[in-house]
Structure formats: structure tokens, C-alpha cells
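Enquirer: Top line first, the protein sequences correspond to chains A and B.
Here the first sequence is numbered in the numbering used here, starting from 139 and rising by one per residue.
Here the second sequence is numbered in the numbering used here, starting from 415 and rising by one per residue.
Don't read these hints as lab results, they were simulated from the structure.
A portion of the hints provided could be inaccurate.
[As the list claims (entries may be wrong)] Not the full set, but computed from the structure, chain B residues with beta-carbon under 10 angstroms of chain A: (1) Ala-469; (2) Lys-473; (3) Arg-477; (4) Lys-478; (5) Arg-481; (6) Ser-482; (7) Pro-536; (8) Arg-538; (9) Asp-541; (10) Thr-543; (11) Phe-549; (12) Asn-553.
[Stated by the list, open to error] Cross-link-like lysine-lysine pairs, in silico, DSBU-like; alpha carbons within 35 angstroms at most: (13) B/Lys-473 with B/Lys-796; (14) A/Lys-192 with B/Lys-791; (15) A/Lys-194 with B/Lys-473.
All C-beta atoms in this analysis are idealised placements derived from N, C-alpha and C, irrespective of residue type, glycine included.
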Amino acid sequence: MTDQEAIEMINTSLAEEFELERTRMVPEARLHDDLGLDSLDRVDMVIVLQNAFKIKIREEEAIRGIQNLGDIHTYVLGKLRAAQ
Amino acid sequence: MRRVVVTGMGAVSPFGIGVKVLFESLLAQRSSVRYVPELAKITGLRTRVAAVVPAVDSKEIPRKYRRSMSNMSIYATFASQEAVSQGGATEKELRGGNTGVAIGSTVGSPIATHEFYEEFLPTRSIDKTRATFFFQIMNHSCASNVAQVFGITGRILAPSAACSTGCQAIGYGYEMIAWGKQERMLCGGADEFHPLTAATFDIINASSAKYNDRPTETPRPFDRDRDGVVCAEGAGILLLESLDSAKRRNAPIAAEVMGFATVSDPANLADPSAGSIETCIRKALTEASIQQNEIDYINAHATGTILGDIAESEAVGRVFGGKTPTSSLKGHFGHTMAASGAIETIATILMMQKGILIPTLNLDNVDPLCDNIFHFKNCMEKPIRTVLKNNFALGGIDSCLILRRYEND
Chain A
139 MTDQEAIEMI
149 NTSLAEEFEL
159 ERTRMVPEAR
169 LHDDLGLDSL
179 DRVDMVIVLQ
189 NAFKIKIREE
199 EAIRGIQNLG
209 DIHTYVLGKL
219 RAAQ
Chain B
415 MRRVVVTGMG
425 AVSPFGIGVK
435 VLFESLLAQR
445 SSVRYVPELA
455 KITGLRTRVA
465 AVVPAVDSKE
475 IPRKYRRSMS
485 NMSIYATFAS
495 QEAVSQGGAT
505 EKELRGGNTG
515 VAIGSTVGSP
525 IATHEFYEEF
535 LPTRSIDKTR
545 ATFFFQIMNH
555 SCASNVAQVF
565 GITGRILAPS
575 AACSTGCQAI
585 GYGYEMIAWG
595 KQERMLCGGA
605 DEFHPLTAAT
615 FDIINASSAK
625 YNDRPTETPR
635 PFDRDRDGVV
645 CAEGAGILLL
655 ESLDSAKRRN
665 APIAAEVMGF
675 ATVSDPANLA
685 DPSAGSIETC
695 IRKALTEASI
705 QQNEIDYINA
715 HATGTILGDI
725 AESEAVGRVF
735 GGKTPTSSLK
745 GHFGHTMAAS
755 GAIETIATIL
765 MMQKGILIPT
775 LNLDNVDPLC
785 DNIFHFKNCM
795 EKPIRTVLKN
805 NFALGGIDSC
815 LILRRYEND
């Protein structure tokens, strides 16, 4: 899977789960302020990403520092590279 | 005690969304009971019929609110929107702290509970459990979700007394306003259908199973050939309000709540007793300061069970002596459980407003043991001023409401 394919998969999964407009899904979009995701959504975001990429990230400290969509892209891409 | 009136009504029933389709279907003597194939997949379950709500577009509710809702909260929300719209309550009135909620269900979402255990039991893992799961299975799910949608900041009640829930919710909401604790309350009940709801009655031999090939012929309240409950789903919500508040804002007044009573029947968990029902009816009359001969119509609980219908007939006969027209609406849309008290109260108010009494559907031959009350077989035009609404629940909980047509007094 290329980085672009992975980013597309992240965006598609999150758009579907949280009913987000794709035009709003730019890397600098802040999860809370721009995409309207709250603490409950962040829990479900982790589940969505775990299911989509078959990775375990729920217990990772770095998840808590994620602020915007670009952070998610960077984080997931890093996990995928580490798994290769 | 302040006077309390109904200023808005909303329903989601097996006939669809809205009070209008509900009442038109009742007037047309339609049945919404149908064959439900998924019931055949449960070993040991004999009933195959239910009355379920036609598909609704839940996406009309923003995801922010919908994510914590199972079907019962979705139904409660749509019914609340209709009640609020009809009553003309403003956002300021709803958010100002003087509006509360009293909405209950039998249990938290059985569908969400099922889905959770389907995942959890084979894996013993919560890795896939969504954050919003709990908000669907908690007992106050409907009340809480409705309050969130409307931004309601007053008191929250979530009475849970199975088939008495809707009636109790209206009664407790009425008392909350009468005592001056709230200016208005969104009251009612909601439930969603799950095969195990039908199983609850099937296990105790109280579900209808002889009419699986003729669904619209069951349930048959008070009929000689009745064989039990048909489970259903939906929501009924009433906007209750102090008369002063309703007058102040020129709200449409559908009816006045005159009295409410609820009693425990410790004689038996499942079998209702005529004595306890009679006590409840008499208490409601006392609360309303009304004589029995002032009641123009009784909307019975009558679910179509052998014992329940007899006990209710006996109690109603003792109090009213067979003189007051009585009917049950369960033949039209089954037993909507926690919603039944509220949906049926709404239908009863509409009967009162329009001066038309709706008979019991499928009552072809009155059971001799239920023949001590005034049954009628066709819609009947009659001036109706005061009505009694009965609801009784498994667990030995009786409830009665008395309502009156409001006459600008």
C-alpha cells in the first residue's frame, strides 16, 4: 500500500464513520474545532483505524497527542512502516 | 396544586411517523400486525407476529445526537419533535431550566445489547466496543438523548415499569408540574422491537401464537378466541404544561390532565388482580375529584391475554357497572410496551377532541368472562368530556390516568 493509498483509506474510513464532508478533510483540519470530533469520537476513531489497518494503537501514548488530520496520517503511516 | 394541560403530542407507531397517520389508521380499523420471519430463527419461540415501525430516516437527526441512539431513542426523538412543534414551545422555553423530561423504556436497547454480546462472548474482548455503546443501553437512554437533542436543562426522569412506563411517565410529569417543580415536561415512553421481547411473553405462555398465518387477526382483546400479546414498538410523547404557562403563550390545549394513580400489586408478579386494578382506578378518580359516572370512555390496557383481560373487565365492571364505553387499541397496533401508555393516551385525546370512539379491533365474540363492561363494535360518535386510561405491567404495577377535554375554564 502506498502512502497515498493509506491516506485515502484513513480519510474514507473517518468520513464514513463520522459522516464528514471530504472537502473539509484537509491535513490541517483540527479534530475538534474543524471536524467536530469530541472525546467519544476519538475513542471510536481509534477503533475505526484499528479495524481498517489491522493495527493495535489503543494503548499508545502518541494517540493522545493527535490534534489534526495530518497528525493521524503521519501516525498511521509510521505504524505501517514499522510493521513492514 | 397547579392545573396541567397537554399542549403537544407526537407519535411513532407501527403505522409510521406522526399522530395523523396513527389516528387515520385507527379510524380506518387497520391492523399493523404482520408476520416477522426473523422470529422463526429462534428455537422454542412460538409467536411469529409483531407490529414494527416502518423504516425511518434516522439521518434527519444530526450524527452528534444520533451516535448515542438506538431505535427507541430515534423514535422518541421524532415523537418529541412532533410534540414540541405542535405545542409551539420555543428553544428558549426548552433550554431555560423550566422544561424537564420524563421518558422511559422497558430496558436499555436490546438491539445494542445483542450486538455487544455477539462480539464479546466469543472473544472476551472489548477492542471493538464503541464509545457510544453505553449510551444506548443505559436505562435513561431515551430521556437523556431527547434532552440532548433539545438542549433541555430541567429535571430528567426515566421511569421504567414495562407496560406501565408510558402512563407513569405522563403521571409523574403531571405531578412535577402540578407541584410547581417544572413549567413543562416532555413525557412518554419508547421501546424497540427485538425477538427476545416477544420471547419474554412467549416463555410465560402469554404471547399470541395461533394466528401466525393470519397476523391481522391478532391480538384479540376481550375476544373469546384471544391467545395473547403481540409485541410492537414505537414512541409516544406528550408536551405537558402548566395551564398558566399554556395560556401565557397562547399554546393549543389538547386536554387537561385531571388525575393519576399508580399502585403496586404484590399478589403476583405476572398475573394482574382485579382488586388491585380497581384500587388504582378508584385512586385516580379520587385524585381527579371525579365520580365514576363522569367518565365517558375508558381506554383499556387489554393486551389480549387470557388472565389480564378478565381481570381488567372485572375491575372496570365493578367500578363502572358496564355503563361506560370501553375499548382497547392493542388489536390495531399490538403492544408497544413502554410506549403503549403514551401512544394510546394520544389516541384517546384525539377521540375526545373529535367525539369519535374507536372500537376494539378483532373483538368478534366477547368472552363471557369479559362481558361485564360496555364493548362496542363500530366507531361511535359521542360527546366525550372525561376519559380514563389504564395500563398494567408485568412486575405488578398498575397505572391510571384521567384526562378531560379543555373548555377554556
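Enquirer: Now look at each hint and say whether the structure bears it out.
Expert: Here is how each hint holds up against the structure:
1. Ala-469: With a closest approach of 19 angstroms, the B/Ala-469 hint is violated.
2. Lys-473: holds, 8 angstroms
3. Arg-477: Constraint on B/Arg-477 satisfied, holds at 5 angstroms.
4. Lys-478: holds, 7 angstroms
5. Arg-481: Interface hint status for B/Arg-481: holds (7 angstroms vs cutoff 10 angstroms).
6. Ser-482: holds, 8 angstroms
7. Pro-536: With Cβ-Cβ at 17 angstroms, over 10 angstroms, it is violated.
8. Arg-538: Since the shortest Cβ distance to chain A is 16 angstroms, the answer is violated.
9. Asp-541: Where the cut-off is 10 angstroms and the nearest Cβ of chain A is about 7 angstroms from B/Asp-541, the hint holds.
10. Thr-543: Hint holds; B/Thr-543 Cβ to chain A Cβ min 8 angstroms, cut 10 angstroms.
11. Phe-549: holds, 8 angstroms
12. Asn-553: violated, 19 angstroms
13. B/Lys-473 with B/Lys-796: The hint is violated at about 42 angstroms.
14. A/Lys-192 with B/Lys-791: Not satisfied, since the Cα-Cα distance of roughly 63 angstroms exceeds 35 angstroms.
15. A/Lys-194 with B/Lys-473: Holds - the C-alpha atoms of B/Lys-473 and A/Lys-194 are around 31 angstroms apart, at most 35 angstroms.
Hint compliance for this structure: hints 1, 7, 8, 12, 13 and 14 are broken, all remaining hints hold.
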